[in-house]
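> Top to bottom, those sequences are chains C, W, E and U. The numbering of the first sequence is the numbering used here, which starts it at 1 and goes up by one. The numbering of the second sequence is the numbering used here, which starts it at 303 and goes up by one. The numbering of the third sequence is the numbering used here, which starts it at 605 and goes up by one. The numbering of the fourth sequence is the numbering used here, which starts it at 907 and goes up by one.
No lab work stands behind these hints, which were simulated from the structure alone. We put the beta carbon where it would ideally sit given N, CA and C, even for glycine. Please note that the accuracy of each hint is not assured.
Some chain W residues close to chain U (C-beta under 10 Å, calculated; not the full set) [to be verified]: (1) E330; (2) F422; (3) Q424; (4) T441; (5) L464; (6) S509.
Restraint ranges, calculated between C-beta atoms of paired labels, are given here [to be verified]: (7) C:W254 to E:T871: 45 to 53 Å; (8) C:D199 to W:V349: 22 to 30 Å; (9) C:W254 to U:D1188: 44 to 52 Å; (10) E:D872 to W:E560: 38 to 46 Å; (11) E:G860 to U:T930: 42 to 50 Å; (12) C:G6 to W:E472: 28 to 36 Å; (13) E:D768 to W:E560: 14 to 22 Å; (14) W:V349 to C:D233: 19 to 27 Å; (15) U:V910 to C:D199: 40 to 48 Å; (16) W:I323 to U:A1102: 34 to 42 Å; (17) E:D768 to W:P562: 19 to 27 Å; (18) W:I323 to C:D199: 53 to 61 Å; (19) U:T1095 to E:D803: 19 to 27 Å; (20) W:D391 to C:D282: 16 to 24 Å.
Number of protein chains: 4
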Amino acid sequence: MAIVLGDNQYGKAETHVVRVIRDTARHEVRDLVVSSLLRGDFEDAHVTGDQSAVLPTDTQKNTVFAYAKKAGITSPEQFAVALARHFVDDVDTVTSAHITVGEHRWERAPVDGTPHDHTFVQGTQEVRTVAVTVEGGSTHVLSGLSGLVLLKSTGSEFRGFLVDEFTTLEPTTDRVMATSVTARWRWSTIPADPDAAYDEVRTTLVSRFGGLHSLALQQTLWEMGRGVLEMRDDIAEIRLSAPNRHHIAVDLSWFGLENPGEVFHATDRPYGLIEVQVLREDGADGEAPDHAPAWRAVPGFV
Amino acid sequence: MAIVLGDNQYGKAETHVVRVIRDTARHEVRDLVVSSLLRGDFEDAHVTGDQSAVLPTDTQKNTVFAYAKKAGITSPEQFAVALARHFVDDVDTVTSAHITVGEHRWERAPVDGTPHDHTFVQGTQEVRTVAVTVEGGSTHVLSGLSGLVLLKSTGSEFRGFLVDEFTTLEPTTDRVMATSVTARWRWSTIPADPDAAYDEVRTTLVSRFGGLHSLALQQTLWEMGRGVLEMRDDIAEIRLSAPNRHHIAVDLSWFGLENPGEVFHATDRPYGLIEVQVLREDGADGEAPDHAPAWRAVPGFV
Amino acid sequence: MAIVLGDNQYGKAETHVVRVIRDTARHEVRDLVVSSLLRGDFEDAHVTGDQSAVLPTDTQKNTVFAYAKKAGITSPEQFAVALARHFVDDVDTVTSAHITVGEHRWERAPVDGTPHDHTFVQGTQEVRTVAVTVEGGSTHVLSGLSGLVLLKSTGSEFRGFLVDEFTTLEPTTDRVMATSVTARWRWSTIPADPDAAYDEVRTTLVSRFGGLHSLALQQTLWEMGRGVLEMRDDIAEIRLSAPNRHHIAVDLSWFGLENPGEVFHATDRPYGLIEVQVLREDGADGEAPDHAPAWRAVPGFV
Amino acid sequence: MAIVLGDNQYGKAETHVVRVIRDTARHEVRDLVVSSLLRGDFEDAHVTGDQSAVLPTDTQKNTVFAYAKKAGITSPEQFAVALARHFVDDVDTVTSAHITVGEHRWERAPVDGTPHDHTFVQGTQEVRTVAVTVEGGSTHVLSGLSGLVLLKSTGSEFRGFLVDEFTTLEPTTDRVMATSVTARWRWSTIPADPDAAYDEVRTTLVSRFGGLHSLALQQTLWEMGRGVLEMRDDIAEIRLSAPNRHHIAVDLSWFGLENPGEVFHATDRPYGLIEVQVLREDGADGEAPDHAPAWRAVPGFV
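All chains, full assembly: derive it from the sequences and hints.
Written as C-alpha cells, this is what we have:
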C-alpha cells in the first residue's frame, strides 16, 4: 500500500500591514494582519524537492504590501478578495487561495476635546475578521469578529438541566453571564458597504445579547444569530462560538456576610464552550450544501 | 425562508487534571488538560430555552476528575476514549462526544545525581495530544504532538523557486531552518502501548528532520510523514503543520564584517506556514473516505 | 561568613474579583485583579519551617472577596488601601503590605440604541492600575494605567541623532509613531474622587500625545508627564514607560510603486523602549526623597 | 514649584540574535534575546527635542548583531559585559548601560540514535538569564534562570499556620507542591566558565528542592538558596521568586469515590507568590551595601 501525498497548502501567516489614507489632512488608518494559504500543483515541491512551482512565502508577504498600495484598502473584505484573486489569476501554479484578515480598529483620539485628524487610540482586543476562499472562478467571503466581550450582571438563568451521578451544580434563576464572542457570517451577496454592514451586525449581536432574558448561553447565541439573519437578507448563515466566562458567586457565609449576587470570583479555566450555527432553511443561496470553500480558510467551528 | 438551527455542540474546555499514581513509593504523574464537546438532541436548549436535555458543562468537569480515579489514566488515549464512551453510552441525550487532551510530560528530577521517586521537572512547552470522537458505536482516535521545536544550522537549501514581479528573495544553498512542528496521526488500529508508540513516532519525526538534506520545508515534512508511515503499519495517515521560523542572515558588511552563516536575526512575524497530509494510497483502513469523525474534535488542518 | 535570610515577602497574586453594585436596577460593575504581598516577622517560616506567623495566601484570597462586600469597591484606590490597612492593622505578624490592583473597565452596552441597565461590553485591554504600600502608620498610593495604545500617522520626526559606526538608520521628518503607554503617578494627597481624577489624567495624556508635533518619543513622554503635573497639583510625580511600536515604511520601489507614507510594516520585536520620570523640583510633598515605599509594590521602572 | 525631568533611560528591547559557531562540522548554537537600556546625558532629548546625544535604538540593535560576530558569544555573561562596556566606553553621551539577556538552550537532536552535528531540538520554556550593569569603570553581573518548573507529588506539608476570621484552609501533612522558579544570583567574582557554573547552580536548585521534606515553600526556597551559597563561594547573594502552582485535591466523595492524594485540579489563578533573598552575613564582597547597580537592569524582586 503506497504512501502518498494528500492535501497540502502553504503560505505566509500574520503579515502586519498598516495603511494610512492621507489624501486629505484628515487621515484614515487601516491596520490589518493578513495570512495567505495557497493550494495548487505542489507535489514536486514535496516529493522531489523541485520548487519551480512554488511562489515563496516571502513573495506573498511582498504582495500584501504592494497590494496595500496598488489596490488600496477600502475594507478588509475588498482587500482579501483582491489578494486572493491575484494569487489564483496571476500565478499559474495556484488553483486556490485562502486569505484571512484580522483588523484592529483605531478610533480618533480626542485632543483638547476634539477628534484629531491624525492621532488615534486603540486599546481594544476586539478584532474584525474576514476569510476569503477563491477557487477558480468562484469567490467565497466570510466576515466576522472575535473578542467581543459581553457581560450581564442579571437577567440570566440556568436551571432545569439534566442531572446525572456526577452533577453537583445548583440551578440558579439569577447569575452573571459573561462571554467573549467569536462570530463568522457568510454573505449570499457581498454588501456594497462592508464597513457599514459590519457595524450593523455587531450592533445587532450586542443588542440581542442584552435584550434577552437568558435561560442559557445556548439560547442567547441562537437569538443573537437569529437577530442577524432577520436584520440582513444578504447573510445566509452565521456561526457563533462563545466561551462561558464563569463568574462564581463567592460563599461569604463563612465570614458572617451575605452575598446577594454582589461578589463573584471570575475564573479562567476550565470554561464552558458553546458553539452554534444559525442558517436559512433553504440553502439556495449560490453555494454547495456543505459550504466547504467558504469555511476552509478558517480553522474550527467558526 | 425560515431561519433554523444548524450544527451545534457544547462542552467544558481545558479542565486541568493531574493524576498521581502512588501505588509504590516511586510515583508517576500524568498531567492532562482535557476538553469535551458534546452533540445530540439540544434543539430545545437553543430555541425554547428548555435545558432538560443538557448535561451541564460543570458536570462534564466533574466527570473528568471522577474518571481520573474510576478509569485511571494509563495513557491519554485510554482516558479520552473512556470519557467519550461514557458521555455517549451513559447520557441519553448525547449522540456524539469529542474529547481532546493535551498532556504535559514530567521527567524525574535528579536529586544528588539520582532520578527521584516523587520529584519531577518540566520546563517544556512540548505537548502530547489526543483527539477522540465517539459517534454511536464507532470510536476514532488521533494522536499527536505540538511544540516540537527543531532547528538545522546547515543542510538546508531553498532555490529554484517561482519568480514573479513581487519576488525579492535570493535563492540560497545554505540556510538555517527552524520550525515548531504540530502533528496528528490517525490509527488504523489503536496500539496496545500508546506511550511507547508515541515515543517511536516522535523519535522518527526528529530523526527524519535531522537526517535529510533539505531542499524545502515542504520536502522535509513529506519525508517526516513518510518516515512515520513506514515505521508503523498501524498508522493510516499523518498531518503536519509547521511554521517556518525564519532566521535571517544579518548583513554585517555595513560594519566591515563578514557573515558566513554565523549571525542570524530570528523573527516572529510574519512566518511561513507549511501544511501537509501524508497517507496510504488505499484508504481501506476501516474509515469512511473523508475521515471526518476522526478530525472533527480538532480545529484546522491538523 | 554565615549565610542569612535577607528580604522576603509573600502573598496571593491575581485574585480576580468582580463586584456588582445592584442597589438600583441600574447596576454598576467593578472588575479587579488583586495581588497582595506581605512583609513581617517571617524568618522562622523560612529557616525552621514554623508557619505560626504566616497568614496563608488562601486566607488573603478570602479576604479580598470578603472585603469586596465589607468595605465595598467605590474605587480601586479605596479598596487597595482598605485591604492593605487590614493586613497591617489586624494581623499581628505583618508589618508592611503591598496591594496591586488592575481594573478592567466595562461600558454600558447599547441595547436598541440605549445604554442598558445591566449589560456591559468590554473588549479593551487597557487596564487602570493602583499600587498601595502600607508600612506601619503610613500609606503610599500610586495610580496608573497600562495598555493605552496610541498612534500618530504624521506629525512625528526623528533626526539629528548621534551617529556611530553601527548606525544605518536614516533620519526622517515624517513617520508613524505608535506606542502602548504604561504610566504611574504618585499623589501628594489622595483625591476625593479617584475615578474622576483618573479620567482627567488619561484625557491629558492622550491630548498631549496628539497635540504635540513630536521630535522624539522622549520629548512626547516628557510633555505628557508635564501636562499631567500642570493639570493636577495633587500629583507629585509621574513615570512613563513606552515601547516604540515601530512602523517601517515599506520600500515599494522594487515593484515600481511609490510609498509616500502610506504603507507600513508594523513589527513586534525588537522594539524601542523609552522610560521617563517627571516630578516637581521640590520634593516637599510628605515623602522621603527616594519614595521607595510608594514604588515597592510594583516592579520595574514604572 | 518647577516641573523637572527625573530618572530616564531608553534602549532596544528583545533583539533576537542566533549565533552559529561553525568552526568545525559539529556546530554550536547560542540563541539570545538581548535588551539594552542606556542612561546618560539625555535631558535635551526630552526637554528641547534635540537628539544629538541620542544613539538610536536601531543602532543598538545593529550593535547586538555586529558584536555577535566581533566579540562572539562564548557565554551570555561574556556577551552582555562586552556590549555594556562598548556602550559606556565608546559612546560619549552614555554613562551607564544595562544589558539583559535571556538564552534559550538547544540540545543536539538524536538522529538514528546519535546526537547530530547540526540538528537541534528545543521544546523548553526554561530560560537562562543574565543582567549586567556597567557604570563608569565598574561592572556588575547577575546570572539567573526562569521557568524552571518543579513538582513534588508528596513530601510536602503546610500546617500550623496563623488562623484569622477569614481562614478556611485546612492544614495538610501531604500535598502536591509545584512551582516555576525564577532565580538571580550575584557573583562576587565572575566565574571563568559561566556555562559550567550555571549548570552547577541549576543542579543544586533542583536537588535541594527534591531532597527536602518541605514544611512550606518558604522553607524550600531558603534551602535552595542556601544550597547554592554553600556550593559556590563566588556567589554573594541569590534571590528566588516562586509562584505556588496550586494543586487542589478534588473532593470525589460526592461520587462515592476516595481520593487519597491521587486526583488534583491544577489551577492557574490566583496563585501564591513567595520571594526570598539569601545572602552572606558580611557584605564585604566588593559591592556597595544596597547592590543597586547589580539589580537595576532587571525589574522586580528578582
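> All the hints need checking, so say for each whether the structure fits it.
Hints versus structure:
Taken as an interface hint, E330 (chain W) checks out: its beta carbon lies about 9 Å from the nearest beta carbon of chain U, inside 10 Å. About 5 Å separates the beta-carbon of F422 (chain W) from the nearest beta-carbon of chain U, less than 10 Å, and the hint is met. Interface restraint check: Q424 (chain W) against chain U, minimum CB-CB distance 4 Å, threshold 10 Å, status holds. Taking 10 Å as the C-beta cut-off, the interface hint given for T441 (chain W) is violated, the closest approach to chain U being about 24 Å.
Interface restraint check: L464 (chain W) against chain U, minimum CB-CB distance 28 Å, threshold 10 Å, status violated. A cut of 10 Å between beta carbons decides the hint on S509 (chain W): the least distance to chain U is about 5 Å, and the hint holds. Distance hint for W254 (chain C) and T871 (chain E): a CB-CB separation of about 51 Å, consistent with the stated range 45 to 53 Å. About 28 Å separates the C-beta atoms of D199 (chain C) and V349 (chain W), a value consistent with the hinted range of 22 to 30 Å.
Hint check: W254 (chain C) to D1188 (chain U), Cβ distance near 48 Å, so the stated range 44 to 52 Å holds. For D872 (chain E) and E560 (chain W), the hinted distance range of 38 to 46 Å is not satisfied, since their beta carbons lie about 29 Å from each other. Distance hint check for G860 (chain E) and T930 (chain U): the Cβ-Cβ separation is about 46 Å, which falls inside the suggested range of 42 to 50 Å. Separation of G6 (chain C) from E472 (chain W) is about 32 Å and conforms to the stated range, judged on CB atoms against 28 to 36 Å.
In this structure, D768 (chain E) and E560 (chain W) meet the distance hint of 14 to 22 Å, their C-beta atoms being roughly 20 Å apart. Taking the beta carbon of each, V349 (chain W) and D233 (chain C) are about 21 Å apart, inside 19 to 27 Å as hinted. One distance hint, 40 to 48 Å for the beta-carbon pair V910 (chain U) and D199 (chain C), holds here, with the actual separation near 47 Å. Distance hint for I323 (chain W) and A1102 (chain U): a CB-CB separation of about 36 Å, consistent with the stated range 34 to 42 Å.
Our hint of 19 to 27 Å for D768 (chain E) and P562 (chain W) holds, since their Cβ atoms are close to 25 Å apart. Hint check: I323 (chain W) to D199 (chain C), Cβ distance near 55 Å, so the stated range 53 to 61 Å holds. The supplied range of 19 to 27 Å is broken by T1095 (chain U) and D803 (chain E), whose beta-carbon atoms lie about 53 Å from each other. Between D391 (chain W) and D282 (chain C), the C-beta spacing of about 36 Å breaks the proposed range 16 to 24 Å.
Checked against the numbered hints given earlier, this structure breaks hints 4, 5, 10, 19 and 20; the rest are met.
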